[in-house]
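There are 2 protein chains.
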Amino acid sequence: MSTRDKYHDVVKQALLAEGWTITNDPLSFSYGKVDFRIDLGAEQLIAAEKNHRKIAVEIKSFIKPSPVQDMHEAVGQYEMYSLALDFEDPQRELFLAVPERAYDSFFQRPFIKAIVKSRAIKLLVYNIETQKISAWIK
Amino acid sequence: MSTRDKYHDVVKQALLAEGWTITNDPLSFSYGKVDFRIDLGAEQLIAAEKNHRKIAVEIKSFIKPSPVQDMHEAVGQYEMYSLALDFEDPQRELFLAVPERAYDSFFQRPFIKAIVKSRAIKLLVYNIETQKISAWIK
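From first to last, the protein sequence lines are chains A and B.
To convert, note that position 128 of the first sequence is 128 in this note's numbering; the numbers rise steadily by one, no gaps.
To convert, note that position 123 of the second sequence is 123 in this note's numbering; the numbers rise steadily by one, no gaps.
Derived from the structure by calculation, the hints contain no laboratory data.
Among these hints, one or two may not hold up.
Any copy, or any two copies together, can satisfy a pair, since identical chains are not distinguished.
What the hints assert, rightly or not - Calculated cross-link-like contacts (lysine-lysine; reagent style BS3-like; alpha-carbon spacing at most 30 Å):
| hint | residue 1 | residue 2 |
| --- | --- | --- |
| 1 | K50 | K64 |
| 2 | K138 | K12 |
| 3 | K113 | K138 |
| 4 | K64 | K6 |
| 5 | K12 | K113 |
| 6 | K113 | K54 |
| 7 | K50 | K117 |
| 8 | K54 | K138 |
Hey, can you work out the whole structure from these sequences and the hints?
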């Protein structure tokens, strides 16, 4: 199992542990002739539900040598998924899942905080060791 | 010369042909402990000036097998560079440079048009063969 798949699996386990049902893995949708199923290389969305609350989760591992590069992709995907969901499934909230290690260091830099705030990115912080969700941050 | 470097060079030549002066290649800056010089892998910004007008250009080649993947990176970089420039150099306008081939097909899809509009992304369309700028689209 690749590191990326491992992180993907940890987030799923962490959601299940909090009583969420995984409804789609990956969440496939297309909008305006853009098919997000053939989004090769990108970390894919999963969908989950709990008590009529619906979420989509973009799982990022932040394992690249440059976290700035990871962040470019994360922000771009978040923007595009967010706009597609607004059209296709507006009740579903989008979260960017980031490992606690990245959240505690990289995400504390003033500029990264500024971009998260400016783009209103909702975060789901997960812990690789405990396989639990550490925080939901809106 | 890599394909990416070739595209980078074409945009520079196209700007020079329109009377711009290239002032920084790459444009290096850091903000809030994020050093954009060490942004490995990302296509870097260049800066140009003409008649007291200052621009920064994010050059994308759109040569990946999945243009959606290219677009994630392009949008994420644009958001981050845009926010950094707002703080560091607010007079400088940011453009995303895309090859005409990508503009004429991928960028005409309704969803891609929607994201460009929603994020107010300014485009500089360039032609690889003529080495000229085809359009500035704000």
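Inset, instruction - With 30 Å as the alpha-carbon cut-off, assign the pair K138 and K12 to within, between, both or neither. - result: within (20 Å within a copy, 41 Å between copies)
Inset, instruction - Can you give me the call for K113 and K138, within, between, both or neither, at a CA distance of at most 30 Å? - result: Answer is both: 12 Å inside a copy and 28 Å across each meet the 30 Å cutoff.
Inset, instruction - Have a look at K64 and K6 and pick one of within, between, both or neither, based on CA distance no larger than 30 Å. - result: Cα proximity of K64 and K6: in one copy and across copies (15 Å, 25 Å).
Inset, instruction - Go through the copies and call it for K113 and K54: within, between, both or neither, with a Cα cutoff of 30 Å. - result: Cα proximity of K113 and K54: in one copy and across copies (26 Å, 27 Å).
Legend entry - Status of K64 relative to K50 across identical chains (alpha carbons, at most 30 Å): neither (32 Å within a copy, 37 Å between copies)
Legend entry - Status of K113 relative to K12 across identical chains (alpha carbons, at most 30 Å): within (26 Å within a copy, 33 Å between copies)
Legend entry - Identical-chain pair category, K54 with K138, by Cα at 30 Å: within (15 Å within a copy, 36 Å between copies)
Inset, instruction - If the cutoff is 30 Å on CA atoms, where do K50 and K117 land: within, between, both or neither? Let me know, please. - result: within (26 Å within a copy, 34 Å between copies)
Checked against the numbered hints given earlier, this structure breaks only hint 1.
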